[in-house]
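Residue numbers for the sequence shown follow my numbering, so the first one is 1118 and each next one is one higher.
Keep in mind the hints are simulated off the structure, nothing from the lab.
Nothing here was measured: the structure is a model prediction, and the numbers come from that model.
For every residue, glycine included, the Cβ atom is placed at its ideal position computed from N, Cα and C.
Hints should not be assumed to be uniformly reliable.
What follows is a set of in silico ranges between Cβ atoms, one per label pair, in the way DEER data are often shown [what the hints assert, rightly or not]:
| # | residue 1 | residue 2 | range |
| --- | --- | --- | --- |
| 1 | ALA1244 | SER1138 | 17 to 23 Å |
| 2 | LEU1296 | ARG1172 | 30 to 36 Å |
| 3 | ALA1262 | ASP1360 | 34 to 40 Å |
| 4 | SER1138 | ALA1192 | 38 to 44 Å |
| 5 | PRO1308 | ARG1172 | 52 to 58 Å |
| 6 | ARG1263 | ARG1159 | 33 to 39 Å |
| 7 | GLY1319 | TYR1132 | 21 to 27 Å |
| 8 | ASP1361 | ALA1244 | 38 to 44 Å |
| 9 | ARG1253 | HIS1158 | 15 to 21 Å |
| 10 | TYR1355 | ASP1258 | 22 to 28 Å |
| 11 | ALA1244 | TYR1132 | 42 to 48 Å |
| 12 | SER1347 | TYR1295 | 30 to 36 Å |
| 13 | GLU1195 | VAL1241 | 21 to 27 Å |
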Amino acid sequence: MSTSTTTAHDRPPAYEWLTPSPREQIGWDVDVLYGPWPRHHRDIPLAEVRRRLDRSPVCGALALSTRGPLFDDRAGNEETLRDLADCPELLPVGTVDVRDALTAEARLDELAAAGVRFLRLFTVEQATDPGFPGYRQVVVDLALARGLVLLHDGDPRRYGPPLMDRGADVVFLDLHAYLLADFLLMAREEPGFRVTTRMLSGPDSVERVVHSVGARHLVFGSRTPFMDISPLTLRLRYADISDDEREAIATRNIEELLS
1118 MSTSTTTAHD
1128 RPPAYEWLTP
1138 SPREQIGWDV
1148 DVLYGPWPRH
1158 HRDIPLAEVR
1168 RRLDRSPVCG
1178 ALALSTRGPL
1188 FDDRAGNEET
1198 LRDLADCPEL
1208 LPVGTVDVRD
1218 ALTAEARLDE
1228 LAAAGVRFLR
1238 LFTVEQATDP
1248 GFPGYRQVVV
1258 DLALARGLVL
1268 LHDGDPRRYG
1278 PPLMDRGADV
1288 VFLDLHAYLL
1298 ADFLLMAREE
1308 PGFRVTTRML
1318 SGPDSVERVV
1328 HSVGARHLVF
1338 GSRTPFMDIS
1348 PLTLRLRYAD
1358 ISDDEREAIA
1368 TRNIEELLS
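Please build the complete structure, drawing on both the sequences and the hints.
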């Protein structure tokens, strides 16, 4: 029997990654939602989302109510602005129903008047193809003309080409590691094309972006509360990149879009 007097409390963690690191600090998470979602069985309130973020290394986030994309874009935008008015760590994101191009201009003007800088698109839920007239009108013409930064869902191979040569600032939210090469080809020509780290699960995906086109093309996104934040912060913590590149991904790239 061991005679050691060391207690479990005194022993260091069994794994290094259990100890938080400054390398996991995130200034901005661009992919945060609250409310119901079709593929989940809960209506997650804003208060719960804020509690999750408060227990994480994330300091600030871009967020919106799911009421906008799922039910009513105008009411959803109003709800987001109202709810987040007392949440200093959360920046409101607007949305628009791309299927209704005839009312979209009014929605975009309302967002601009409220000082909203980011527009999140839900083309998958709204069954909108990049070749549809409504998409070209709402996204390619109206939204970009107003200088909005697009938080874009869907496959960048389909939605990226119509946005090229437009000076667009676009954050693609759903890029899988398997599709990374096609994004990098576009990013070589488009300084405003960015992608979140959420689905870059390959062993060198983050490094491949940084070394191919630069850290400015990456931002942090978690899809809280529907995904756990910790694996994503750990991926950034252990990426083989410089601390300056890591800080750009975690914070600085979004702050540049806000300036």
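Is it true that the C-beta distance of GLY1319 to TYR1132 lies inside 21 to 27 Å, as the hint says?
22 Å, holds
SER1347 versus TYR1295 beta-carbon gap, inside 30 to 36 Å or not
Violated - the Cβ-Cβ distance for SER1347 and TYR1295, about 23 Å, lies outside 30 to 36 Å.
Against the range 38 to 44 Å, how does the distance between the Cβ atoms of SER1138 and ALA1192 compare: consistent or not?
41 Å, holds
If you check the beta carbons of ARG1263 and ARG1159, does the distance land in 33 to 39 Å?
34 Å, holds
Holds or violated: 22 to 28 Å for the Cβ distance of TYR1355 and ASP1258?
Roughly 42 Å apart at Cβ, these two residues miss the hinted range, so it is violated.
Confirm or reject the claim that PRO1308 and ARG1172 have a C-beta distance inside 52 to 58 Å.
Check failed, 35 Å falls outside 52 to 58 Å.
For the range 42 to 48 Å, tell me whether the beta carbons of ALA1244 and TYR1132 fit it or not.
44 Å, holds
For the hint 34 to 40 Å, verify it against the beta carbon of ALA1262 and that of ASP1360.
Taking Cβ atoms as reference, ALA1262 and ASP1360 lie about 38 Å apart, which means the hint holds.
Determine whether the Cβ-Cβ distance between ASP1361 and ALA1244 falls within the hinted range of 38 to 44 Å.
42 Å, holds
C-beta pair ARG1253, HIS1158: status relative to the range 15 to 21 Å that was hinted
Distance hint for ARG1253, HIS1158 is violated at roughly 36 Å.
Please test the hint of 17 to 23 Å on the beta carbon pair from ALA1244 and SER1138.
42 Å, violated
Consistency of beta-carbon spacing, ARG1172 to LEU1296, with hint 30 to 36 Å:
Check passed, 32 Å falls within 30 to 36 Å.
Comparing the model with each numbered hint stated earlier shows that hints 1, 5, 9, 10 and 12 do not hold.
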